[in-house]
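Heads up: the protein sequence lines correspond to chains S and H, in order. Residues in the first sequence are numbered from 1 upward in steps of one, following the UniProt record's numbering. Residues in the second sequence are numbered from 1 upward in steps of one, following the UniProt record's numbering.
Derived from the structure by calculation, the hints contain no laboratory data. Worth double-checking, as some hints may not be accurate.
Straight-line C-alpha distance at most 20 Å; calculated DMTMM-like pairs for lysine to aspartate or glutamate [unchecked claim]:
1) H:Lys330 - H:Glu354
2) H:Lys310 - S:Asp62
3) H:Lys171 - H:Glu156
4) H:Lys310 - H:Asp26
5) H:Lys69 - H:Asp33
6) S:Lys174 - H:Asp238
7) H:Lys222 - H:Glu233
8) H:Lys312 - H:Glu129
9) H:Lys153 - H:Glu278
10) H:Lys214 - H:Glu397
11) H:Lys330 - H:Glu345
12) H:Lys411 - S:Glu54
13) H:Lys69 - S:Glu294
14) H:Lys330 - H:Asp44
15) S:Lys174 - H:Glu172
16) H:Lys212 - H:Glu408
17) S:Lys157 - H:Asp238
18) H:Lys350 - H:Glu156
19) H:Lys411 - S:Asp81
20) S:Lys77 - H:Asp403
21) S:Lys77 - H:Asp97
22) H:Lys411 - S:Glu73
23) H:Lys171 - S:Glu163
24) H:Lys121 - H:Glu110
25) H:Lys411 - H:Asp97
26) H:Lys171 - H:Glu233
27) H:Lys317 - H:Asp44
28) H:Lys271 - H:Asp349
29) H:Lys312 - S:Asp62
30) H:Lys228 - H:Asp97
31) S:Lys157 - H:Asp247
32) H:Lys312 - H:Glu110
33) H:Lys411 - S:Glu294
34) H:Lys214 - S:Asp81
35) H:Lys271 - H:Glu354
36) H:Lys411 - S:Asp80
37) S:Lys77 - H:Glu408
38) S:Lys77 - H:Glu407
39) H:Lys171 - S:Glu162
40) H:Lys69 - S:Glu291
Computed from a predicted structure; not experimentally measured.
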Amino acid sequence: MAFTETRAGTQKTSWLAKNKLNIAPWLFLAPALLYFAIYVVVPIFESIWLSFYEWNGLYRADGTSTASWVGFENYVKLWDDPKFWISLKNNVLWLVLYMLAVPAGLFIALFLNQKTPGMRLYKSLFFFPFVISQVVVGLIFGWFYNPDFGVVGTIWKALYCEETVNILGNATFKCSRAAPDILSSPEFATYGIIAAGLWPQIAYCMILYLTGLNNVAADQIEAGRLDGAKGWKMLWYVVLPQLRPATFIAVVVTVIGALRSFDMIAIMTQGGPFGSTNVLAYYMFETAISEYGERYGYGSAIATVLFLIMLVYISYFLWRMYQDEKGAH
Amino acid sequence: MFLKTKSALAALAASAAMTTTAFAGDLVINFDDLNPGPKQAFEDAIAQFKSENPDINVIVNNNDREAHKSAIRNFLTADAPDVTSWYPGNRMAPFVDAGLFEPVTDLWAENGFNDDLAAIKATMSRDGEIWGVPYSYYQWGVYYRSDIFDLLKIEEPKTWDDLLAACAPMKEAGVTPFTIGTKFLWTAAGVFDYINLRTNGYEVHNDLTAGKIKYTDPRIVKTMENWKTLIDECGFVDNHASMSWQDAIAPFANGDAAMYVMGNFSVDGYKNAGLTYEQIDFFQFPEITPGLPRAEEAPADAFFIPTNAKNKEDARKWLAFVARPDVQTKWNSTMGQLPINSKAEVGDDKFLKEGFATLSTATGLAQFYDRDAPAAMAKAGMEGFQKFMLDTSTMMEVLTRLDEVQEEVYK
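Next comes chain S alone, as it looks inside the complex:
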């Protein structure tokens, strides 16, 4: 008896042992895959499905949904909705201007990549904006731009206003020109928010490049120097090619960061003035979930469009990554 049991035992272990290499990765992946499926993949399909309905988010007393099937009507409406196009245009603006974070981060990283006493402190200070929450950054910049008590307002008052007393004898300011109200101007508000968003994003790119710079081969620099390369040429032909992986990651996170810009807008303008700083992500929130929204179908249609745009980018980057991997082997 004892003999057969042991035999069975060894047979079992041998099956496991045979397939260990195949099973192990899936075992480790399983929790992540499960959560990814529940919280990411399923909701994506739900949203797409929901975008074919008109639904105010309510269920009847018996639990049945009040949604009604409208087919592609939500998408037709989107096409004619000026606010959708404003949001899309702003998304493009974000995408283009956010890219400034990559070169800016690179130059700060190059500047900080020196061996001076206290450099660690400076590096941490430059990295600081990325550590604080986007909500806090939004608030700070909101105050910064405030025409009454912000930095912008205070400087403006010093330049163009004089202090007087009003009818009741309280101190007040008389300005020869009204202070610029950046976040309430339909032309400039988006740029104001993007500038605020760039602040932490530059820090992020900087840290990516700083780690990248650690891996730049000293002998190649040396060789370049012997061949007479310096300044821009050294940067462009010797350093940058070695920073390619860092650049790649910086671009990817910046694109994604630009497309999912939401917190700043919610904090600084709520999409206003009159919807001129909306981006797709915020417009989706506004139509579906906010107090004046409750149009879940329409919001889902916006989400679907945003998803498709992201899909294009992400597929491209994944494909590039795959190609690089293949090339490396």
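Could you slot chain H onto chain S? The hints should help.
Below, chain H alone, put in the same frame as chain S:
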């Protein structure tokens, strides 16, 4: 299929979030105000109700107002309380249409509310039934710095021309006539509503918010032209689009602006900004079209019984209780608002007395633009008003766009 899964998930989440479980004989009341005054008034009323009905076990869930607004969308289906606070007008419409509220028309008839609460009956009704019982409302109007008016020897304006004439000396003295903060949009709707109510009257307000007349209708255009006159001849503070209504109190308190079109809840804000009752006063928004019956904005708060409530019998007792004159008197004097029951008494406060005088003589009570119009329309409308206030030349462009939105929302 996913809709069902979703509702099941929502039910699960809601039941997990609720710490209280109801049994027969329990009365679960969901309320939505954690501000000190209203919270105190509600708790006092609960205590009185308990002592009058010792056999009912009252369970209270008091939630933050914004949280309540999103929670109600789930709990009405998933885990309905026996009574919930909510708002009349269009705000109750989606729930009424989905069959989530229980009509209480008979309760009104039994208790004589049709007379005592007559002023609010129209806005509590939909599809020929009455859906809830209101416990409080407050007036809107023009709050002004009486000290500035005295200095400039200006009287409370009674008519539109008075108002426009009063603005000239203010501007001469370096005072901006009106303060406002339109960052969160709804304040602009208050100004629009009043100019519209005074230009065209109550019916036009209701027809507009019900989608029966267009925004490019000559009557609405007239309203907007009057608004433009107000902006040109009186004017609002600069930078209003980056201020909340609380921020806009600062120039008012400093004496840089003299008037504020606002609701009575703002009085607390003035007091907190250091103003005393000698410095501030109230007048009804002046008449524009002579002889037009005067209607006012008076947003009300009410209680409703969800269709899925388990203890409807006691819920009806609570609804009858909150409408009683003595209960409304006490409740509203604690929270500093106006009772709706015409037999109730008004708290001893200058602004409440003025408010009562204003509302009790009004021929119609509007609930406010964003409560009378459906959400999507209200949002677009208020954004349009803000745009117009920043640049009055966009008037027709704004109205045309609102017509397009209207066509889509009310189909």
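For the pair supplied as a hint, H:Lys69 and S:Glu294, is the alpha-carbon distance within the 20 Å limit? 11 Å, holds
For the pair we were handed, S:Lys77 and H:Asp403, check the Cα-Cα distance against 20 Å. This hinted pair holds, its Cα atoms lying about 15 Å apart.
Under the criterion that the straight-line Cα-Cα distance not exceed 20 Å, is the pair H:Lys171, S:Glu163 satisfied? 18 Å, holds
Holds or violated: H:Lys171 to H:Glu156, with C-alpha atoms at most 20 Å apart: The hint holds at about 17 Å.
Can you confirm whether the C-alpha distance between H:Lys121 and H:Glu110 stays at or below 20 Å? Holds, at about 15 Å.
H:Lys310 paired with S:Asp62 [C-alpha distance capped at 20 Å]: 14 Å, holds
So if I understand the rule, the pair passes when the alpha-carbon distance is 20 Å or less; does H:Lys330 with H:Glu345 pass? Satisfied, since the Cα-Cα distance of roughly 9 Å is no more than 20 Å.
Are H:Lys212 and H:Glu408 close enough, with their CA atoms no more than 20 Å apart? Holds, at roughly 13 Å.
Straight-line Cα separation of H:Lys350 and H:Glu156 no greater than 20 Å? 16 Å, holds
Tell me if the straight-line CA distance from S:Lys157 to H:Asp238 falls inside 20 Å. 14 Å, holds
Assess, step by step, whether the Cα of H:Lys310 is no farther than 20 Å from the Cα of H:Asp26, and give holds or violated. 9 Å, holds
20 Å Cα cutoff - pair H:Lys214, H:Glu397: Measuring from Cα to Cα gives roughly 14 Å; hence the hint holds.
When the structure is compared with the earlier hints, violations turn up for hints 21, 30 and for no others.
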